[in-house]
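Chemist: Sequence:
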Amino acid sequence: MVEAVKPLPMVRSSSGHFIPWNRQSIINSLLKETKLATMFFGVRPMMEEEAESIALEVEEKIRNMDLKFVSGPLIREIVNTVLLEKGSINPLYRIYRNVYTRVGTPVYDAYEIDIGKGFEAKENANLQPNAETSHKKKADKTSKEEYLLLMPIDLADAHLKGEIHIHDLEYFGTRPFCMSSDNVLVARVGGSVRLATVGDLFSHLNYESSGGFEVANYDGVEVLTPEGFVRVVKVSRKKSNSIIRITTERGFMVELTEEHRIPLADGRLVEAKMVKPGDRLKVISTLSYDEISPKTSEVNGVTVTSELARLVGYFIA
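Numbering (numbering that gives the first Met the number 0) for the sequence shown: 0 to 316.
These are computed hints drawn from the structure, not numbers from a lab. For each residue, glycine too, the CB sits at the ideal point set by N, CA and C. Keep in mind that a hint or two might mislead.
Simulated pairs of lysine-lysine, DSSO-like, Cα-Cα distance not exceeding 30 angstroms [as the list claims (entries may be wrong)]:
1) Lys233 x Lys137
2) Lys135 x Lys5
3) Lys34 x Lys160
4) Lys137 x Lys238
5) Lys140 x Lys281
6) Lys116 x Lys34
7) Lys34 x Lys121
Here are the computed distance ranges between Cβ atoms for each label pair [said to hold, decoys possible]:
8) Ala308 x Arg187: 50 to 58 angstroms
9) Pro276 x Thr132: 54 to 62 angstroms
10) Arg193 x Pro225: 15 to 23 angstroms
11) Lys5 x Gly266: 43 to 51 angstroms
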């Protein structure tokens, strides 16, 4: 007796057309998109036999659903389900799932953003309640999801748990960090290396307004990074209405904008303007001076002067 095999449904493409089921499309998609696993996590992309095995499992699941047609997003969700199942055995598949999944927002969440509720409704007092703000928040939500999925898993978990805070996460992949004007950089100007604040280096530029920021092109300075000196080509800045200074009982001090979020010891993440005397901040454990003070002024044949120590200290900080 020959058992009939259920036919696979038609696929509705993103353009709205119905096309025949094509297993090879899943295979090709997996082979192409898991290359991001190499770019961001340093692991190999999926091999063709692995992709074909997953495509076969997806076909079986869809056959059992008995649907008349399926969409591309539904197929992707089922592929990610299979990747998660395999990830419990092989951690490599968890990474594949991270780079293969979709980012975005459910319709209900998008609607709440439109009416001034939901995602980061009270996050930034500088944003006005208008259509442009709704558009920005939807884009921000998508960008934040993307960068959390593409960064090392332990780093993303630390941010989500409040152990660290990645400021302006939505710009992490294109413009990672912002700095206050008094931050000190190791800069090379005209061939001369010196310590200078952000304000000293860039406050004199001619800025033009662009998307809520002031932007200026620049070609006169290099700054020290872990990869060496890198030329600065563009600077953007945004004025803050007010700055809050928080001082701890140990004498540590930090200056922040009102809406900058601060991790508290009880696990909450609150805006700086909500911090009050008596709150306990979550900080990285520190060592005593005796534990970290050097026992010698020479390291690997290099004499450590106070100037060199200060330079290295600024770079590490």
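Chemist: Under the criterion that the straight-line Cα-Cα distance not exceed 30 angstroms, is the pair Lys135, Lys5 satisfied?
Modeler: 45 angstroms, violated
Chemist: Checking one constraint from the list: CA of Lys34 to CA of Lys121, max 30 angstroms. Satisfied?
Modeler: The given pair, whose Cα atoms are some 38 angstroms apart, is violated under the 30 angstroms limit.
Chemist: May I ask you to test the hint 15 to 23 angstroms on the CB atoms belonging to Arg193 and Pro225?
Modeler: Given range 15 to 23 angstroms: holds, Cβ gap about 19 angstroms.
Chemist: Can the restraint linking Lys137 and Lys238 be considered satisfied, given a maximum Cα separation of 30 angstroms?
Modeler: Holds - the C-alpha atoms of Lys238 and Lys137 are around 23 angstroms apart, at most 30 angstroms.
Chemist: Given the hint of 43 to 51 angstroms, is the C-beta distance from Lys5 to Gly266 inside that range or not?
Modeler: 49 angstroms, holds
Chemist: Straight-line Cα separation of Lys116 and Lys34 no greater than 30 angstroms?
Modeler: Violated, at about 37 angstroms.
Chemist: Against the 30 angstroms threshold, does the CA-CA distance of Lys34 and Lys160 hold or violate the hint?
Modeler: Roughly 28 angstroms separates the two Cα atoms, so the pair holds.
Chemist: For Lys140 and Lys281, compute the direct alpha-carbon distance and say whether it is at most 30 angstroms.
Modeler: Holds, because 25 angstroms separates the two Cα atoms, which is no more than 30 angstroms.
Chemist: Against the range 50 to 58 angstroms, how does the distance between the Cβ atoms of Ala308 and Arg187 compare: consistent or not?
Modeler: 20 angstroms, violated
Chemist: 54 to 62 angstroms was suggested as the range; check whether the CB atoms of Pro276 and Thr132 agree with it.
Modeler: 33 angstroms, violated
Chemist: Below or equal to 30 angstroms on CA atoms is what counts here, so check Lys233 against Lys137.
Modeler: 26 angstroms, holds
Hint compliance for this structure: hints 2, 6, 7, 8, 9 are not met, and every other hint is.
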